[in-house]
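Colleague: Sequence:
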Amino acid sequence: MSVISDLGFQAVDIGIFNTQTHVTVPAVLDDPQLAAERTIGAAREAGLAVADVFLTSDTTLERLSPTSLYKGDWEHLQRIFSAVIEFTKIVGSSGITLLPGVVEPGTSHETALQISAERLSVLANMAAKENLATSVEPHVGSIIEDPESTLKLLELCPELTITLDPSHFGFLNCSVDAILPLIARTRHVQVRPAGSGVMQTRLLDNQLDLDLLVSALCKSNYVGWIASEFVWMEKWGCDRVDNTTESFFLRGYLQQLLAKHERQGSN
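For the sequence shown, our numbering gives the first residue as -3, with consecutive numbering after it.
Hints in this document: simulated from the structure, not taken from any laboratory.
The structure displayed is predicted, hence computed values, not measured ones.
Be careful, since some hints might not be right.
Claimed, not checked - Label-pair distances were calculated between CB atoms; the ranges are: (1) Glu258 / Thr107: 42 to 48 Å; (2) Leu152 / Arg40: 36 to 42 Å; (3) Glu258 / Pro22: 40 to 46 Å; (4) Met229 / Gly37: 26 to 32 Å; (5) His105 / Glu230: 25 to 31 Å; (6) Glu126 / Pro177: 27 to 33 Å; (7) Glu114 / Lys256: 39 to 45 Å.
Said to hold, decoys possible - Distance condition first, Cα-Cα at most 30 Å in a straight line; then the derived DSS-like pairs of lysine-lysine: (8) Lys215 / Lys256; (9) Lys85 / Lys125; (10) Lys215 / Lys148.
Cβ atoms here follow ideal geometry from the backbone N, Cα and C, with glycine treated the same way.
Put together the whole structure using the sequences plus the hints.
Modeller: Structure, rendered in structure tokens:
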């Protein structure tokens, strides 16, 4: 976390991605308080707040998701989510992000949306009892790949908010302008340079209208965090960018945009 702090960031998103991250699902299930105390200790030592807790319970999109039809998955997801709620309270994040689910074989998109909404409502109410918000991230391959499906899920689940990552929409050739209606229900924002067919690239090659995005966030009085989210993986060619350098460049660019639109808003 010291590297994150050295780059000038004020907070960090904590991923709990099954066994793939520093904080794992088994560790949180076993002792959420211990896992949280270790995490917040490391964050505080680096001078960082915890902006968001992102839960991905399984290594696949199908298992332990809000739409999973596998026997026992829904019950186990609730147990995991309960432990993550306790973890999140201790580390001080305002809420939890998870994935919305996928269309299971033999299931229609409409049915998948209904199942996801019903189960996410249960999870969101669990979190709300502890004054935590619940968000889902619209992403490629999910039941909410586009703004229209995302708005439909939000309509079906009024308790739900969004973790907005424009790169997934941009990858499918969706403009920033088309995703602006989602901002009213957005709790957390993740940004990386991207474009049509490009999930992650250098800031110099960015195709997303980040100026428009930041302008809309400022006009809507958005009060959440804006995260720089570079990942290192072979999928989508996300291993072709110097993440450390590009994170530094993106932070500076986003700060410039925020300063610009905050000045315009005060005039």
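Colleague: For every hint, state whether the structure bears it out.
Modeller: Results of checking the hints against the structure:
For Glu258 and Thr107, the Cβ-Cβ distance of about 44 Å falls inside the hinted range of 42 to 48 Å, so the restraint holds. About 39 Å separates the C-beta atoms of Leu152 and Arg40, a value consistent with the hinted range of 36 to 42 Å. A beta carbon spacing of about 43 Å between Glu258 and Pro22 agrees with the range 40 to 46 Å that was offered as a hint. Take Met229 and Gly37: their Cβ atoms lie about 28 Å apart, and the range 26 to 32 Å holds.
Roughly 28 Å separates the CB atoms of His105 and Glu230, a value that falls within the hinted 25 to 31 Å. Evaluation of the 27 to 33 Å hint for Glu126 and Pro177 yields a pass: the beta carbon distance comes to about 29 Å. The given range of 39 to 45 Å is respected by Glu114 and Lys256, whose C-beta atoms sit roughly 42 Å from each other. Only pairs whose Cα atoms come within 30 Å are accepted, and Lys215 paired with Lys256 is accepted, the gap being roughly 12 Å.
Distance hint between Lys85 and Lys125 is fulfilled; the C-alpha atoms sit about 11 Å from each other, no more than 30 Å. Taking the CA atoms of Lys215 and Lys148, the gap is about 24 Å. The hint holds against a cut of 30 Å.
The structure agrees with every numbered hint stated previously.
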